[in-house]
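What follows is the residue order along each chain.
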Amino acid sequence: MSLLDLVDVRKSFGPVEALRGVTFSVDAGEAVALLGDNGAGKSTLMKTITGIHRLTSGTIRFAGADLAGQGPGEIRARGIEMIYQDLALARQQDVASNIFLGREPTRRVFGISVIDKPRIEREAEAMIQRLGARVPSVRYLVGNLSGGQQQSVAIARALTFSPKLVIMDEPTAALAVREVEHVLDLVRELKRQGIAVILISHRLTDVFAVCDRVVALRQGQVVADEAIAETSMNAVVAHIVGAA
Amino acid sequence: MATTLAATRTPLTIRGLGGAIRLESLIVLVILIVGLSIASPYFLSLSNAFNILLATSVIGILGFASTFVIAAAGIDLSVGSVLGFSAVVSAISVNAIGLPWPFAILSALLAGAFCGAINGLLIARARIPAFIVTLGMLGVARGAALVLTNGQPVYGLPAPIVWLGQGRPLGVPVPAIVFILVALVTHVVLSSTTFGKYALVIGDNEAAARATGIRVDRHRILLYTLSGTLAGLAGLLFAARVNSGDPTAGTSYELTAITAAILGGTNLFGGRASVIGTLIGALIMGVLQNGLNLLAVSSFYQQMAIGAVLVLAVWLDQINRGRARS
Ligand SMILES: Nc1ncnc2c1ncn2[C@@H]1O[C@H](COP(=O)(O)OP(=O)(O)O)[C@@H](O)[C@H]1O
Ligand SMILES: [Mg+2]
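Chains as they are written, first to last, in this note's numbering: chain P, 1 to 244; chain S, 1001 to 1326.
A hint or two may mislead.
[Claimed, not checked] Derived coverage of chain S by chain P (criterion: at least 3 residues anywhere in the stretch with Cβ under 8 Å from a Cβ of chain P; other residues may be distant):
no.: 1; region: 1192-1203
no.: 2; region: 1209-1218
no.: 3; region: 1275-1285
Bear in mind the hints are in silico, worked out from the structure with no lab data behind them.
All values derive from a computational prediction rather than experimental measurement.
For every residue, glycine included, the Cβ atom is placed at its ideal position computed from N, Cα and C.
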C-alpha cells in the first residue's frame, strides 16, 4: 500500500466538473510531478487532498486512514503540508507567526493560555537557518519581504512540523535561478529523508531533474502516469497538450 | 485587490506593545490635553481625569468590541442598539420581573451575547455580508428595546447595580475601573492568545487562515458573540449610571466605537489592530467631548466633530499607506 492513494476522485463546482475521476498513488520518499495545462485541475486536486475542498465522490487514503470529511487542520496534523501557489501567508504578521500559523505552541500565564512567542521565534529562526534562507529577521512582517523570501517562509512552514508528504504548487514560478536550485535541492533532501513530494511545475527541466514519476492531468483526468526514466520531455508535452 | 495591497505597509507605529499603535494618535491625544489645559482652567485636574474616564468607559468598551471585529475584516454596526437592548433587558429582569440583583448583570451580558451570536451565525453560516446583518440588528435590537418598554425608560435598579454605575471608591468611578480592567483583559486576548491572533489572520488573509487549519466560521461566530457581550456589558454600565433601562441608550454609539478603533490604528480592512491603540482612540474622543463641554460647545457640534474625525482618520491612514508604498 502506498503513502497516498487517490481512487476515482471527483470534484464539481456547481456545473463545472474540475476533477473527473482521478486515480493515482504516491509512495513514501517518492517525488511525483503533477503536470497539466492551466485549468487542468492540478490546484483543485491538491486542495481536495489538503481538505480545503470537500470531494464530491471517490476516496483519498493517506498512511492507511481515509481522509473523507476531515478539515485542513486535521489533515495537516496527519502529516500533509502544502505550499500554496499564492503562498497563503498573512502579510501583516511576522515571519515567525506565519511559520507557526494554526499550530502555535502556548503556555499558561495566570491561568490563561498565551502564545509562547519566545519559543516560536527561536524555532522559526532555527528553521530559517536550516533552510539557508535569506530572511533578515523572523520579526519582519511578511508583506515587507521579497517574493523569494516569502516563498522561503511558506516552505519553512511546510517543513517545520515533520510532514510525511509535502505538496508544492508551482513553487519556482516566481523565483530567480539560484532560488530555483535551492528548491530543487530541497526536494532531493526531502526524498532522502523519506518524505514524499508532489511537485506542480511548468518547468519540465526542473521536473526531470528531481522527480521520479510524472502524472499528467487533462480536463480533470489522468492522461499519463509514467516513470521519469521511461519517458521523455517530448512525450510528456504531448500528453499535456493532448497530442498523443 | 487594491485593498489587500494597501494593507501590507504599516504606517508610523510603535511596535512591541502587542501590535501596532498609531504614533499620530498618541501625539493628537497629548496635543489635545495640552491645548485644553491651556484653554480651560478646569481641564487639568484629577477629578476631571476621572470624569473623562467615566465618560469614555461605555464607548471605550464598545471600541474594544469593534477592534476585534474589524481586526477580522468585519464590522459590527449593531453595538449601540445592542447596548440599548441589553440595558432594557437588564432593568426589566430586576425591576418588572423582580429577580435578585446579580441577574441584572447576567441578563445584560446574555442579551448582548445572544444578539452577537445571531449576528455571527448569519454572517458565518448564512454568508450574508456583515454590513447588512449588523445594520439589520441595529434596527431589530433597537426596536425590541422600544417594544419591551413601550418606549419609556424602566426606572429604579437595585443598590448594588447603581453602585456599579455611580460608586466612587477612593474617588475613582466604578465604570472607569471596569473600563481599565476590560482594556487589560482584551489587550492580552488580542495580542497574546490564539483567539486574537486568529482574528487578525482571518482579517489579513482568510484563505491562509483556512489553509492552516483555523476554523474560520466558528471563529467569526465567536468574534461577533464577543462583540455583543461587550455591548451588553456597556449596556449594564449605562443603565447603572442613569439608574434605569433606557430604550434609546447608546443611539449612534457605533459611530464613536468604530471611530475610536480606527483612530487607534486598527486597519479598516482587517489584519492589524491593537486594544491599547483603541484605548488611545477612545480617550481622544472622550477628551474632545469633555473639552468641548467645558468650552460650552453644543453637543450637536460634537456629533458633527465625531463623524468628521472618523473620515479624517481613515483618510490620513490611506495617505500614509500611499506614502509608505512609493
Ligand atoms: N473555487 C472554484 N470555483 C469554481 N470553479 C473552480 C474553482 N477552483 C477551480 N475551478 C475551476 O476548476 C478548473 C481547474 O482549475 P485549477 O485546479 O485551478 O487548474 P490548474 O491549477 O491546473 O491550473 C478550472 O476550470 C477552474 O475554473
Ligand atoms: Mg493552479
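Each hint tested on the structure:
1. Counting residues of the region 1192-1203 of chain S whose C-beta lies closer than 8 Å to any C-beta of chain P gives 6; at least three are required, and the coverage claim holds.
2. Only residues whose C-beta sits within less than 8 Å of a C-beta in chain P count toward coverage, and the region 1209-1218 of chain S has 7 of them, enough to reach three; the restraint holds.
3. Check result for the region 1275-1285 of chain S against chain P: violated, 0 residues qualifying (beta carbon to beta carbon below 8 Å, three or more required).
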